[in-house]
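Starting from the known structure of chain P, arrange chains Z and Y on it as the hints suggest.
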Amino acid sequence: MSALFPLVVRGATVRRRGARLIGPVDLTLGGAGLTIVIGPNGAGKTTLLKALHGIERLSEGAVRWACPTPEARRRQAFVFQTPVMLRRSVRDNLAYPLRLRGVSRAEARARAADWAGRIALGEALRRHATVLSGGERQKLALARALIGDPALVFLDEPCASLDGRATRAIEALLREAAAAGTRIIMSTHDMGQARRLATDVLFLLHGQVIEHSEAARFFARAETPEARAFLDGKIVD
Amino acid sequence: MKMKRWITGAFAALLLAAPAMADEMKMAVTTSFENSGLAEVLLPAIRQDTGIEVQLLVVGTGQALKLGAAGDVDAVLVHARKAEEKFIAQGHATHRTEIMYNDFVFIGPASDPAGVVGSQSAADALRAIAAARADFISRGDDSGTDKKEKSLWTAAGMTPEGTWYKPVGAGMGKALNVAAGMGAYIMSDRATWLKFANKGKLKLLYAGDPALFNQYAYLPVNPAKGDYIKADLARELERWLVSDRAKEIINGYRLNGERLFTFNAGQSG
Amino acid sequence: MGDLWQGMVQAVGLLIALDADLVEITLRSLYVTLSALIIAALISFPLAALISIRRFRLRRITIAVLNALMGLPPVVVGLIVYVFLSRAGPLGVLGLLFTPTAMIIAQVILIVPLVASIAHQSLRDLWADYHDLLISMNTTAGQRMRTLIWDGRRALLTAALAGFGRGIGEVGAIMVVGGNIDHATRVLTTAIALETGKGDFALALALGFILISLAIAVNLAIHWLGRTESGRRW
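Protein chains in written order, with the working numbering: chain P, 1 to 237; chain Z, 238 to 506; chain Y, 507 to 740.
Hints are supplied without guarantee of correctness; some may be wrong.
Straight-line C-alpha distance at most 25 angstroms; calculated SDA-like pairs for lysine to any residue [stated by the list, open to error]:
no., chain 1, residue 1, chain 2, residue 2
1, Z, Lys436, Y, Pro596
2, Z, Lys438, Z, Asn493
3, Z, Lys462, Y, Val589
4, Z, Lys432, Z, Gly494
5, Z, Lys432, Y, Tyr588
6, Z, Lys484, Z, Arg318
7, Z, Lys303, Y, Gly601
8, Z, Lys411, Y, Asp688
9, Z, Lys411, Y, Gln512
10, Z, Lys411, Y, Tyr588
11, Z, Lys436, Z, Leu492
12, Z, Lys303, Z, Glu473
13, Z, Lys411, Y, Pro596
14, Z, Lys403, Y, Ala699
15, Z, Lys432, Y, Leu520
16, Z, Lys323, Z, Ser388
17, Z, Lys411, Z, Thr400
18, Z, Lys484, Z, Gly274
19, Z, Lys438, Y, Asp706
20, Z, Lys462, Y, Ser592
21, Z, Lys432, Y, Leu709
22, Z, Lys411, Y, Ile698
23, Z, Lys411, Y, Leu597
24, Z, Lys303, Y, Leu597
25, Z, Lys438, Z, Pro404
26, Z, Lys387, Z, Ser358
27, Z, Lys436, Y, Gln512
28, Z, Lys462, Y, Pro596
29, Z, Lys403, Z, Val354
30, Z, Lys432, Z, Asp379
31, Z, Lys303, Y, Tyr588
32, Z, Lys438, Y, Gln512
33, Z, Lys436, Z, Ser358
34, Z, Lys387, Z, Gly494
35, Z, Lys411, Y, Gly678
36, Z, Lys440, Y, Ala708
37, Z, Lys432, Y, Ser592
Interface residues of chain Y toward chain Z, partial, derived using beta-carbon atoms under 10 angstroms [to be verified]:
no., residue
38, Leu591
39, His689
40, Gly703
I should point out that these hints are in silico values taken from the structure, not numbers from a laboratory. In this text, a Cβ means the ideal position worked out from N, Cα and C, and glycines have one as well.
One chain only, chain P, in its complex shape (with noise of 0.2 angstroms):
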């Protein structure tokens, strides 16, 4: 297995219906940390993750991975803003993955049992993931990107709906897989979020990449007027 970094973008610009989403977009990303990308509403964080995963097409410029596109394809997840939630129990929503990959049933349900517990839903396998509150779908969500063991997964504003309880359990399963070696690609809202998980942060400003730096660096001090102006919380267009 080859590794997926370094990622190299070129160019990348993404058009709807005429507006210009992000781009162009120059980027080049290690295999190692956790990558925080923040901005002002409307900046193109979602569009920019989307673009990345290879969910959202391009209309000018490219994605490189250091690995053949497919393979980077199948070695990734992703975790949306509003966790999709199969309709089906809380075990195979979990299984789901393992099962596309052909692994066998009952081992698939081992794992997605073993990933229950560890996410606090030991309890709940057998029941539907629909009646579950938008905290323990989210960790669903996450653990159901964990389990196949990607080595990369994106997050789009994991805990924008979630409660201090339900952000802490998640920041604590991010924490976890990061250590693990997992790579991490994550927008947020929350400034003190980033601050406790980033160890680079992405600074998007209407669609395009204005200041990429270390964390400690950027928030001790950003390069950009406006990446200021946005950390000391003001409205920056």
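Frame of chain P; chains Z and Y shown alone:
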């Protein structure tokens, strides 16, 4: 979903297992024949004596002959001589065999506004109805009965026209239903009339004119059409239909105490 | 009114006596319509799933045609199938005319547009929900279809129910291609038509009540089967 499959499988097994035993053939017969109820007596006897399971398609004479022409049935039993002869001329059958006859009767409202009771002949009765412009229901479906009715009008020297003359394009039973509903006159075969369960205010007003006799003939479909025509079974059925056993059953058949059919196989040309 | 009462009395009598003819006719009705339903489901469900997940140029037209075909008059379908299956027609060599198989074929043609349309409406909504996730997971078209069909099975059951309703109660198509042959292709609806034509309304009503009870019973049975699953959405 699995349960549904199981149930269907069981039904299929049930229904398919059963009739693989008897020899089957298809025969198209007219609605008036079926309505008489004679089939319910004949078919079991045929099955018992010959082992043949006769599947009846009950349709009008026109469609019966079309089915024979297409080769979709192995034999037909109808009552329209001219059409039968044309059928033979076209090569769809090699011959016709007369089996039995019954008669047609005139039915109408008990109040008899056209004065049909006491007519001297079928032509008389029709003239009376036309003169009175009384509602008259016609089969209008190209069946044997329909052809007979039209030939009677012609013999009476008339072409029926007007809103009082109503072709319904349906079988005998349905046509009688309409007549009962409207209190109209209608020509029916005696058998269907006797068996009809919805007579209402209708009554039998005239019968007996030889012009009203109704000859049934059996025509096996020409085997030259193809191997799929069950010619052997059709031949065997024909032998049975002209036998003494058939004579016994047909002449002995009673409906409401009345004899319906007269066996006359082998008596005419 | 007297006919209605007599009909009910006669119906109860036939049921209690488990009249052999009645049982045979009922089983045949179920055999024909359920077989047609299963075949129609095997065609319609994947079709509905496929149309939901793929965007292709003729998609709108296909959906419009399916919706239009729902309005096919049964007797017209019967006529077309009859012409094909007659010995004088292109498929005559199969010798299928006037057999239960011909009736099943006609009913499949009648049921598929209805089941496919209803199934598509539900699966399309489900796909809108699953779309981002399943694409992100690199699923193949086959995997997507299987997931939609399995997760959407409650709604598909409803579609199947609607198909059953259309099949069990129709008489035009199966009369034409089946011929209403006693002990061979006679079913509840064609038997009712026959008895009505003979003016025997009481017997026709008796058969009618049985048909209605049958439809209700199958409805209830399918709903009960559906509720034995643990999930409760829908």
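- Violated hints - listed by number, lowest first: The structure breaks hints 1, 5, 13, 23, 34, 37; every other hint is satisfied.
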